[in-house]
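S.K.: What follows is each chain in one-letter form.
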Amino acid sequence: MLYVVDVLTLTAIMAVAVHGYMLIKGLAGLLHLGHAVFYGLGAYASAILTTKVLPPGSFPLSVAAGALAASAGALLIGWPALKARGRYFMIVTFSMQLIFITLVINLSFTGGPDGLSSIPRLSFGPWQPGKRWMLDLGLVTLTFAQVKLLVMTGFTALSFWFCSRIVDSPYGRLIRAVREDEQVAEAYGRDATRAKLSILLIGAGITGAAGSLFAHHFNYVGPSQFELELTMLLLAMLILGGQTSLLGATIGTGLMVGLLEGLRFVLDNWLAVPFEMTAPLRQAAYSVILILILAVRARGLIPERLKRHGRPAPALPPRPVAAEPIPSSGTVTELGEVVLTCSNLQKHFGGLTAVAGAGFSLRRGRIVAIIGSNGAGKTTIFNILSGFERADLGEAHMGRQPILGKTPAEIARLGIARTFQDVRIWNRLTVIENILAARPHQPGEHPAHLFLSPGRVARAEADNIAAAWTLLERFGLADKANDLGNDLSYAQRKMLALGRITAFGPAAMLLDEPTSGVDPKRLDVFLDHIRTFARTDDRAVCLIEHNMTVVKELADWVLFMDEGKVMTSGTPHEVLGDHSLMRRYLGHQKAATA
Amino acid sequence: MTPPPSILPFLANGLSLGLSISLVALAMALIWRTVGIIDFGLGAVYLAAAYATLFLTKGVGLPLAAAIPGALIIGTATAILLYWAVYRGFIRRGSPLFVTVLVSISVFMATQNLISAAISPQKFYFIDTILPGITVLGTRLNVAQLAKMGVSLTALAGVAFFCLRTGPGATILAVADNKRLAQGVGVNVDRAYGWTYGLAGLVVSAAAIPDVAESGVDPFVAINPVFLALAAIIIGGLGSFRNPVLGAVLLGLAFHLAVWVLPASWQEVIAYGFVLAVLVARPQGLFGGLNIVRERA
Amino acid sequence: MTTQRIRPWGRAALAALATFAVLAMGIGSARAADDLPLGICQSTAQGPAKFSTALWKGAEIAINEINAQGGVNGRKLKPVPVDVGNNDPAQARLSLNKAIDVDKIASLVCWGTNVMVQNGPLIDEADIASFTMSSGTGVVKASKLTQQLEAVTTLYCKVSAAQIKAKYPAVKTFAVLYVNYEFGIELRDKCEEEFGKVGIKLVASEGHPNAPPDLRAQLTKLLEAKPDAIYLGPIGGGTVALGIRTARELGYTGLLTTYGAGDTPDIYNLKLAEGNFFFVSNEVPATAPEAVKTATAEYGGYTPAGYEFVWLTAKLIRDTTKDGQPVSGKALIAKLRQERDIQTPVNRYVFKEDGNTARPLAIFTIENGARKLERILSAKELE
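Protein chains in written order, with this note's numbering: chain S, 3 to 596; chain F, 234 to 530; chain H, -17 to 365.
So here's chain S without its partners, still in its complex pose (with noise of 0.2 Å):
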């Protein structure tokens, strides 16, 4: 039957494009309101170059050309909007969406408000089927409207692989942890930005290219294609099958065609509606639905896969947690390498002064202590320091470069690194993931490496993955990898913070207030890891800590904060044993146990 094979042809083509859309929204949770002018763009090149320019034959070519003009309209909307921190990124492509016809209407060579007619059929070659054209298969014959349904479940397979390739792989990951926690992907050293226009992009060029595909498959496209309509409709086929779902995302796209076709024969052949009211009927009654689907099952169908990883064949005996003899607290006698230095940090917050001039270095091997009370400007150094905040005045160095002005993801991947007091582990990827995520030099975070040296990022993979193991058995959490983020206690995340940091491997940790909020009877295991990053490790430690007892075991040196200055500095025993100190700070109850 000509009309379920051409439904089923639209759907197809639409599945197409709402791949795009699962991987701009779902993966990488831009909310995207313009998703049609990607699909317009792609459909309108393909008509323009192959009625005005390309020679018959050319549908691949066709193809490829929307693709390529639906990402340049993707850059061209994206970085502006991306830069501008993603919360305009909404409005912009929502008016992108309303001015997008309008601009179309108004230019000549789109064909006006009349759009393009006559676009040539699919042709591959020599290959240039007319309307007629049968394919005899022996047992069966082929119509050209059902070949044509046969290539476009092909595309349809053939985005679904490469959608799928991309979620499941490193940079699928990148850009998953980007959704859920996009500065704390900078302190890791990723340029979030960056990996959110490439996603936009790639899931533009696909939504294109199925542009495309219908320019070629109706052989019109007009202005009336592709307006706030059809971006609700493919929104609503994203939601309704699960926007986090490359499957869900196909199922939905079909679920939605067939209650569209469905109302169709439920108003014109079932019910006795009044023959004029059918078509606004069915319009009113999509929408009712849509919005009872919404209030029953926002989240739709199928839910984000997760991927599971095994643990490999151990090559070498798990390594013990703390097994070496931890030198007592106090000085350590040889002096580390200096591996960073700040001085005369200043950062004021309108009237109010956070930061007025505070300077300290930090060297391989020794934990720094930061204390001082609420508001003493302690988490606004580390902020400058890691490049979230802008320093007024004052110098920081890794090593021999400054590292002020410059960007969190730039000065992270100098060899800077911090937690946040906030834990901020990425909620929606497994614990295995956050690790995987936050180790550094990985090939496959880049697409072009995916497709092009497959061999390579598969083999740096399979070390991240086994390196990630190790380092899950001796932080003591081997045995939730495969669990969400968000299913783990506190303690436990605060663990998978430090799990983390280490897996990124820096030169300075910036630990802000690691053990609060930690059951003292599991603060041995904690202090245990920070005292091994520093001994073990040989990083350069600094803590931020209101935890007295933890700066006691701990820090080689203290620095003691208040009002946005270094107050004072020296070892545990002597700033802590300054009694009048301690008393201003802490109170009395407190000065008298320290």
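In case anyone wonders, no lab produced these hints; they're calculated from the structure.
Note that the Cβ used here is the ideal one computed from N, Cα and C, for glycine as well.
Pulled a few chain S residues facing chain F out of the computed Cβ check, cut under 7 Å:
| no. | residue |
| --- | --- |
| 1 | 282 |
| 2 | 289 |
| 3 | 292 |
| 4 | 296 |
Model the placement of chains F and H on the given structure of chain S, informed by the hints.
M.R.: Just chains F and H, lined up with the frame of chain S:
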């Protein structure tokens, strides 16, 4: 080539169109800032007020002066009803922005199509004659336009007064500013939202009635006001309730000044090009504040 | 939350929906064998939605009449809606495919230049006789089996020009306010030509988007050129009314005129249209069936076209089967063009070989909330 016509009529018309858009923009901004939804469902409220006026004048036979308060009440009630019956559930559940956008657009589309099916897609008028008017700046402004201008300025002042001087209005401001804090000090957020929707509904109804007095009532009359209102908010920003109104005026001027020297077919391109330029150069809106959009993708 | 409770219910509901959709497609194809389905387009777009109601009302009268007399060759006529959405050719194609494949329509009446042009090849391939109410000249060129029921732009302009020359001799200049689509541009160009032939000069023209909220800018510019008459050329729907109101408000006292787009109750209800305004459209003569006359007064000038579509289809099927030929689109259209000069209960047409049709047009003004016939021009006069 004939010399370009006087700019004054275009300024007058532009200002008039701008103030007309500003009412819906104000209502949309009110909801956006307080509740955090981009509410296209205001189109349904617009239609409710429009058809209510039609029904009360032509159906029931009331004089226009009596029908107007009735329509205002019906429009306001529709807005509150939509909040209770539809949006509240989604808001309570913390639905992400894209879900509420889809829901509000669906409400709008459903209303439009249901009216088309149940009543008729035909256009009806309740004022058949030329509206009386005055000639100013070389062009004629009729009472509907003047009413719209007056109503927008009144509405702006009224909303400001309501929010700053009354109890319920203060709760709206509080929730708009910081919902958790407001809850913390005992503000009933649900009721504040109810007030917000009521206020927005009233403003939209006040916009709808003079509009349809001029150009008639059919199921499709709400499309332009709603989308132009959104464009106005994008241009003006959301920093204070004044911003979208200013944005609307600029948009109206853009629509008309564009045509002053260029052929009329450029009207939409120039006006939307203006929106685009603001977006690229100053995404928080010309007067700031669009970053208050809550974004939970 | 209650996700645990919702999840199985939600899934079940959605699965049911899917099954239902699939079943609906299958079951829907079981159609009563003795029905004679006729495809009638419907639209949810602002302009066409208005006259699609009129078309349907006219068709309904004819269907009821013919079925009451036993149908066509014993088969009852059954209307099949073909939803063309927002005059969207892609949407139209889906609906058309369903109507052809599943409902097996015998003939079609539809409109929308793009809709008809893009689906012309489909109509030809499916061998469906189709009639169009679209004024674009390109429509019948795109399909061999499509016949105009409507006058094309050239004809409209010609008739308007003649009327102005005869009844409004003081008019020497005119302006055009047209929708910025190919159709509107064509209308502007044809009118410039036809009006020029009778000595009326085009002094200004401005385009507007489809269904604009506001025409002040365009009309202000047109009025600068001080035309004696303004020709309104939108796609249809409320824009004519908007144009008339705005023009009068801005102080324009000259002549306003338009084509069939003015033939809707929007305009009948408009008091402002009751002076210095006429439009060219389709008349229902006194000899037409009462029901058609009443319906036209209520729904507008497209009502008789719906009636005539059904009547013509019935007649052509009867005539074709009488000849012993199978009923196919080709056969029906061939018969139509062979018989050529046909008098329906409402109008007399001349159906030409190339798909164009000479049909009577009439000039109307508005008086007392209804259209008032000024003059009829028969098909022969306009051939």
